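Participant: The lines below spell out each chain.
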Amino acid sequence: MKVRLLYFARLREVFATSQETPELPPNIQTVASLLNWLRQRGGVWAEELAAGRAYRVAINQDLATQEAVLHENDEVAVFPLVTGG
Amino acid sequence: MKISVQAEPFDLNAEVSALYQANPKVGAVASFLGLVRDINEGQGVATLSLEHYPGMTEKALAQIVEDARRRWEVLDATLIHRVGTLHPSEPIVLVAVASSHRGDAFAACEFIMDFLKTRAPFWKKEATPEGERWVDARESDERAAARWQV
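So the protein lines, in turn, are chains A and B.
Numbers given in the numbering used here equal positions in the first sequence, counted from 1, plus 84.
Numbers given in the numbering used here equal positions in the second sequence, counted from 1, plus 589.
Derived from the structure by calculation, the hints contain no laboratory data.
A quick note: this is a predicted structure, and the numbers were derived from the prediction, not measured.
Among these hints, one or two may not hold up.
[Unchecked claim] Just the calculated beta-carbon pair ranges, DEER-fashion: (1) A:G136 with B:I628: 37 to 45 Å; (2) A:E97 with B:P718: 17 to 25 Å; (3) A:A135 with B:L601: 27 to 35 Å; (4) B:R691 with A:V128: 47 to 55 Å; (5) A:P110 with B:N629: 43 to 51 Å.
For glycine and all other residues, C-beta sits at the position ideal for the given N, C-alpha and C.
Based on the provided sequences and hints, a complete structural model is requested.
Facilitator: Structure, rendered in structure tokens:
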């Protein structure tokens, strides 16, 4: 399954990328498993996405939970807590 | 309803006037204007850069206004949030709500701001004399949104 990953603000800077479209292994079906897969890259990925760190995930521009299921061509965004207003 | 994410400044008077001029049912407009401060957490702020998530931002703001409409009498509303680089004393955000009476206008305006702060994908980065830093989310903003018990 292919998804479009977007990163914003501080995470975009730390990951040194704003987007990618990886081909996910077949066992990656949910937000939780996607995050685990990203953590396996190690370094800043493991550090920033560690359990207990505060960040949010959105699927197709709606906030999503860890249990949310991914679909082909979904737009999945990972970003820090928002600070607008 | 008007929702806009823009780099350009806005005209407060024109935006508020537009909410009531063509609608004699409007008896109250409550408005909130958010500004760039020149100091945050003890450090001087030279400029503030606002990043957002195009597409999701507009969707999130529309949902917040819709939630307010379900809860209070909102005859019309305007929500403008600026992005890009801003300087101290420049307006960042305008929320203005028109209603028949002040109670609904005040409450809906505050509700929209509280949820904008915690749900709309904007991020602030400050330029200070010590360098650039991303603004941290505040626990008090989460508490402000939680008190509406949505």
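Participant: All hints, please: hold or fail.
Facilitator: Cross-check of the supplied hints:
1. A:G136 with B:I628: 37 to 45 Å: 31 Å, violated
2. A:E97 with B:P718: 17 to 25 Å: Since the Cβ atoms of E97 of chain A and P718 of chain B sit about 20 Å apart, the hinted range of 17 to 25 Å holds.
3. A:A135 with B:L601: 27 to 35 Å: Because 44 Å falls outside the window, the suggested range is violated.
4. B:R691 with A:V128: 47 to 55 Å: Once the Cβ atoms are compared, 50 Å apart, the range 47 to 55 Å for V128 of chain A and R691 of chain B holds.
5. A:P110 with B:N629: 43 to 51 Å: Given range 43 to 51 Å: holds, Cβ gap about 47 Å.
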